[in-house]
Structures are given as C-alpha cells and as structure tokens.
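Given the sequences, and given the hints that come with them, work out the whole structure.
Order-wise, the sequence lines are chains A and B.
Every number in the working numbering is 628 more than the matching position in the first sequence, counting from 1.
Every number in the working numbering is 31 more than the matching position in the second sequence, counting from 1.
With beta-carbon atoms standing in for the labels, derived distance ranges: (1) B/60 - A/733: 27 to 33 Å; (2) B/57 - A/770: 40 to 46 Å; (3) B/112 - A/819: 30 to 36 Å; (4) A/910 - B/57: 46 to 52 Å.
Chain B side only, calculated, beta carbon under 7 Å to chain A, not exhaustive: (5) 82; (6) 83; (7) 84; (8) 157; (9) 166; (10) 167; (11) 169; (12) 251; (13) 252; (14) 253; (15) 262; (16) 272; (17) 273; (18) 275.
Simulated from the structure, these hints should not be mistaken for laboratory data.
Nothing here was measured: the structure is a model prediction, and the numbers come from that model.
For glycine and all other residues, C-beta sits at the position ideal for the given N, C-alpha and C.
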Amino acid sequence: MKKIITIAAVLTIMAGALGGCGTNGSPAGEDVKSEKAKSSQTVATDGSTSMEKVIGFLSEAYMEEHGDIKVTYNPTGSSSGIQAAAEGRCDIGLASRDLKEEETADLQGTVVAIDGIGIIVNPDNPTEDLTIEQIGKIYSGEITNWKEVGGSDAPIVCIGREAASGTRDGFEEVTGTKDKCKYSQELTSTGDVVQTVSGNPNAIGYASVASAGDTVKMISVEGVRPTTDTIQDGEYKVQRNFVLVTKKDTALSRAAQEFFDFATSEQADSLIKEAGAVPVKR
Amino acid sequence: MEKAMNLLFLVCGLLTILFVILITVFLVISGIPAIRNIGLGDFLFGKTWASTSARPSYGILPFILTSVYGTLGAVLIGVPIGLLCAIFLAKMSPKKVGSVVRNVVDLLAGIPSVVYGLVGMIIIVPCVREIFHLPDGANLFSAILVLAVMILPSVISVSETAIKAVPKEYEEASLALGATKTETIFKVVVPAAKSGIVTAVVLGIGRAVGEAMAVMMVAGNVANMPELFGSVRFLTTAVASEMSYSSGLQRQALFSIALVLFLFIMAINLILNVMIKKGEQND
Chain A
629 MKKIITIAAV LTIMAGALGG CGTNGSPAGE DVKSEKAKSS QTVATDGSTS
679 MEKVIGFLSE AYMEEHGDIK VTYNPTGSSS GIQAAAEGRC DIGLASRDLK
729 EEETADLQGT VVAIDGIGII VNPDNPTEDL TIEQIGKIYS GEITNWKEVG
779 GSDAPIVCIG REAASGTRDG FEEVTGTKDK CKYSQELTST GDVVQTVSGN
829 PNAIGYASVA SAGDTVKMIS VEGVRPTTDT IQDGEYKVQR NFVLVTKKDT
879 ALSRAAQEFF DFATSEQADS LIKEAGAVPV KR
Chain B
32 MEKAMNLLFL VCGLLTILFV ILITVFLVIS GIPAIRNIGL GDFLFGKTWA
82 STSARPSYGI LPFILTSVYG TLGAVLIGVP IGLLCAIFLA KMSPKKVGSV
132 VRNVVDLLAG IPSVVYGLVG MIIIVPCVRE IFHLPDGANL FSAILVLAVM
182 ILPSVISVSE TAIKAVPKEY EEASLALGAT KTETIFKVVV PAAKSGIVTA
232 VVLGIGRAVG EAMAVMMVAG NVANMPELFG SVRFLTTAVA SEMSYSSGLQ
282 RQALFSIALV LFLFIMAINL ILNVMIKKGE QND
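Right, dumping it as structure tokens:
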C-alpha cells in the first residue's frame, strides 16, 4: 500500500512538471524575462547581437544617472528581439535591420544609430577599393579572381555570416546579393569573420566598421572610406540602421520611455560614437 | 526517516527518466510540425537548404551526408591511431612512459571542444589550405582531422580496457607456440578484445556525430552537398548556427534537424548496448 502511495505521489509530481513545461515549450529564461519586463524599474531590451556595444554604452550611462532603474540586455538576434517586442516579453526590441512590412503593422521602429558595414580584406591584399557592383559580383560568384578587380592573380574566398544574421542581411540587401551569395564560409560571429580574413590572404569579408579591428584591411567602397561623416550622410553605401522596436498600441513603462527618450536624444550621440556606431544626423 | 530517504532516492532515479522523456517528447512534438509541413521526403532527401531565402527550401540531405562522411572519416583516421595507442599502453609501454601517455590522453578528453575548434581554425585550416593549394582551408577534411583527434580519448581508453581484459593465458599460449609478440597482439589479443574495441569505435562515432562547436569553427558551414575539400555544414552546426536568429518554419525545421540528430544518437546508443550485451555473453 505504501508503495502505491509513493508511486502515485511521484507520478503526480511528474505529471505536474510535464504539464507545466509541455505546453509552454519555451526556455525557462523567457519567463524570468517577462517578469522583469513587468516591473517598472527594469527596462528589458532584447535583440540584435550587433547592438551589444551601443546598448551597453547607453544603458551604462543611463543607469549611472538613474540608480534605481536597471536596463537589461538579452543578445538573441534581431528577429528574436522583434518577436520579443511584439509578444511583450521585453520593453524595447533591438533590431539591426529595418522592420519588414508585416512587422510594421503593430510595431514601431525608431532608428537610434547607424552601423557602417566595412568590407574587409587581408592586409596583404593590394586591393584598395571596390564598387558595390563588384562586391555583389564577387559574392554571387561572377568574379572569382582578384585580378578581375585589379588585384593579384589569386582566387577570391568569400567569407560571410550565417543566414539571418543582421549584418549579412544588411550586406546582402545593399549589394543586391540576397539568396545569391556563394560563400566559402558562413561564420557565426564578427570575431570569426575577422579572424578568418586576417588568416587567409585571398579572403574578403564584411563586419561592422566598429568591430573590424586592425588585423584586417578595410577597403573603400565606390571611392568612399567608411567614416562617421560618410556613413551619416549616406555617402558610404554599405550601412544599416540600428532600430529600437516598440509596440504601437501599448505605451512603454515610465522607466522604459525615459530610457527610450535618452537613447534617441542628442545626449546619446557621444556614447553611440564611443560604442563605434554612428549617431543619426539631426 | 528511512522511508523518506527511500522516497528521495526514488524521486532522483525517476527524475533522470523524466529528463529523457521530456527531451524526447519535446523533440518529437516540436520536430514533427515542420516535417509534416515540408514533407518527410523533401525534408530528408532535399538537396537544398535555403531557410532564409525568399522561396525557402528545407532539404537536409547535405547535412545528413556531411555528418555521415565526417564521422566515417574521423573513424577511419582516429580508430587506427587510437587502437595502436591502446595496444602500446596495454602491452608495450614501459610503466613510466605509459602513465605519462595515459595522463595526456585523459587531458585530451578534458579539453573543451571550443578549444579544439579554435586550434583547428588557427592551425589546421591554414595548414590544409597551404598543403593542398586550396583557396580556403575550412572544409570537410579539416573537420575530419579535428574530429579524429577528438574521438581519440574514448577510443583509446575503452580499447585499452578491453585489451587488458584479455586473459594472460591466451597471450602466453600464443607466445609458447612460437608466435612473435606482434603476431600475438594482432592475431590473438585484438580478436579476443574485439567486442570491446567495437564498443570503443561506436563511442567514438557517437562523439563525432554529436560534436557541434569544434566543427562549426573549421567546416565552413555552407550548406553544400559534401565534398572533401568543400565547405560543408553538419547536422549539429545546422541547428547551432541558425537557432539564435530563426523564426517560424525555419525554427521548426531546426527542431526537426535536432530530432533527426537525436534519432541518430539513439541508434548509435542502441548499437552500443547490443555490442556490450554481446561482449558480456562472450565472456
């Protein structure tokens, strides 16, 4: 009899656990997040991994001024961030791409900063400048040798990011190579791309201007070097927006609204610059 | 008190089962919808994976074949080295050298896979590029090399145990009949330890199939049909590299890939269990 009771007790516990998790199916972390989002003293941001630096600088400065408010950042990727904002799992979603049409139905995107995407090659590569057309042809496999674009006689190795990376999305959009890229490597982080390009004399890659570092050579595009000015006025063509995503029909909590206003104010410009991105032209 | 402890033990025991059931149920539930949506045939035997394209296609044959070829390659390179090393450790090595080698093997087992990947990325990939005069060294071959090293520890330690378990009399009888030491090892000891060695190989296969991080860093990760010197994507890396950004059907399809991978591992475990049972019967 005792045994039966014991087994029954265990089964009940198991059933409870199964019932609780089976229907949910989302990682436990998300529950914690949504709880955080509800508390007005926490501003939960969620999304683009490329925006880590920008959001880090902004939130740090903001929290220094407002000791009672905590800004959290969950690096999940642009699409996840947009989704999280739509589902109310965070206060502000972060996307390193403009919102798609179907997403603008109930979401509002506000450009907080601009990110230049640098075209990087190995330091040993003599190439200094490419046109967007040339870059597009290189990545779609029409141009396969560096000598066709004025370099040395060597095969071109195209390094890119994984599908659905914000940087890749931005790059392919600008160069018109969507779904046409013939990559030699698809890597999952900017650091990997930089590392690979710095290790292969024939490689070409793309990375945020801010995080390219000096182990690789950033070339100019259509004769324009990526600088703050050229990115801001759109002269440097390979760039994308960093977007704060909010819900259209729901008002932000007081703390979130204040942080939002701070991030989009002129005050934030120097911080955004420090973080390696380019502030919006006012 | 006694009864309470009993209950606690029981709960802990059942908890493990619960985890396995949970993972299985979760994978099946989340993996089936995409397969239904895409169609089992198109999913398993489709040759193109373009999950984010305007007209997405979700064929995972490239991943399956890459995982199979990659694992086979790793076994082809890793098992002979591991087996000979195990023979050395069990039969040939002087005590001191043996203990050093054994410690090093244990160390090899403890190295995190991201470190293997890093070393592969910085050393093996450029070397493969130079040696074979390729434009790029991140390919199936590099991944096989890294995997071969990664399966060494399990192959070595399990086959060493198996070889050591062979009764001394077998060996002595063979030597007494005039066979040389090499003949004895290859014709008597190794065949006698066969089932243990096969277990070691299967364990190695399991490790190679399930490895994600290290191969992600050296294989190039482009969803091509596998070529020895082409950039490839494994089942594991297919899930890992897209999961963080995925949404909708793409995400569901990733769960389906995980389900396929899970079935692979289940099959390998099943084979392993049969092997071990067989080994026990032989003893």
